[in-house]
Amino acid sequence: MGIEYAVNGDVRIAYETFGTAGEPLLLVLGLDYQMVWWPDAFCERLVEAGYHVARYDNRDTGLSTHYPQPPDGSPWRALLGRTRPLYTIADMAADGLAVMDALGWSDAHVLGGTSAIAQAMALLHPKRVRSLTLCMSSPATAGVLQTLRYIKFGIFREFRKLPKATTSEQEIDNLIAIYRAQASPGYPFPEEWVRQAATLSHTRAPRNPRTTQRHLAAGRAVKLPPLSGITAPTLVVAGADDPMLKPSAGRDLATQIPSAQFVEYPGVGHDWPEGIWDDVIARMPR
0 MGIEYAVNGD VRIAYETFGT AGEPLLLVLG LDYQMVWWPD AFCERLVEAG
50 YHVARYDNRD TGLSTHYPQP PDGSPWRALL GRTRPLYTIA DMAADGLAVM
100 DALGWSDAHV LGGTSAIAQA MALLHPKRVR SLTLCMSSPA TAGVLQTLRY
150 IKFGIFREFR KLPKATTSEQ EIDNLIAIYR AQASPGYPFP EEWVRQAATL
200 SHTRAPRNPR TTQRHLAAGR AVKLPPLSGI TAPTLVVAGA DDPMLKPSAG
250 RDLATQIPSA QFVEYPGVGH DWPEGIWDDV IARMPR
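Quick note, the sequence shown lines up with residues 0 to 285 if you use numbering that gives the first Met the number 0.
Each hint should be verified, as a subset may be incorrect.
[Said to hold, decoys possible] The list that follows gives simulated cross-link-like pairs (lysine-lysine, DSS-like), each with its CA atoms no further than 25 Å apart:
id, residue 1, residue 2
1, Lys160, Lys245
2, Lys160, Lys126
3, Lys151, Lys163
4, Lys245, Lys126
5, Lys222, Lys160
In short, the hints are calculated from the structure, not lab data.
With these hints in hand, go ahead and build the complete structure from the sequences.
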């Protein structure tokens, strides 16, 4: 199936599906990642496991509605709640529900990658979420200081070393370098797929650092209920060698959600290596 669009107010959300039957499963990424960073092969593996899969671009990314450039600011100001949001995490959660509505899904399993949005869906719209799988994530309800304690800041030094891109090829190379810095040290780096995803991502919408700022601001614009209010069966997945988040991020997330299962994979970073796909799929709540 090709690209389709769901509508949430004045926002159009681009999405695509894999499979035609099975249990509905919505894939949700965080910050400024486009849906193409969910590997096609992983989506097909989910179809084989009995899911009807949908992935989508968050607002301000990919083929979905983009917003005008905001005044100068920084992601850190946004994280501290000092940037005026153009939209909120509740709006972004509603975008995902709009995709479900477009597909005729009254509810769905939700798989979130680095995604506070998936947590917001389960907290604000519990009847729409059958189950929740959270990967590479920290508690969306954590305060600023606690969130900062979860972050490994060394990786940002690597990001700052990236050369200023002046051509599309350099932009794509930087996307690959960003992915490589987050990749799993215990698994082969999928160079060919990463280059394909980076090229498609750049072709659809070049990376805009301001999008990260706006998404961080959205997360701080609404006070979410405590994670103890999540009623959906939940699996929390973490990489023991995540270069961006400390192991405590995933463990604390699982501890705060009633009856959540927690699994930590050695050798896994802040990405989604093929070597763990089958095990994660087998563990996902049904």
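- When you check the alpha-carbon spacing of lysine 222 and lysine 160, does it fall within 25 Å? Judged against 25 Å, a Cα distance of about 35 Å means the pair is violated.
- Task: Would you check the hint for lysine 151 and lysine 163, treating anything up to 25 Å between C-alpha atoms as holding?
- Result: holds, 23 Å
- Message: Checking one constraint from the list: CA of lysine 160 to CA of lysine 245, max 25 Å. Satisfied?
- Response: This hinted pair holds, its Cα atoms lying about 22 Å apart.
- Query: Is the Cα-Cα distance between lysine 245 and lysine 126 25 Å or less?
  - Reply: Violated - the C-alpha atoms of lysine 126 and lysine 245 are around 31 Å apart, more than 25 Å.
- Task: Verify the proposed pairing of lysine 160 with lysine 126, using a straight-line Cα cut of 25 Å.
- Result: violated, 45 Å
Hints 2, 4, 5, counting from the list given before, are not met by this structure.
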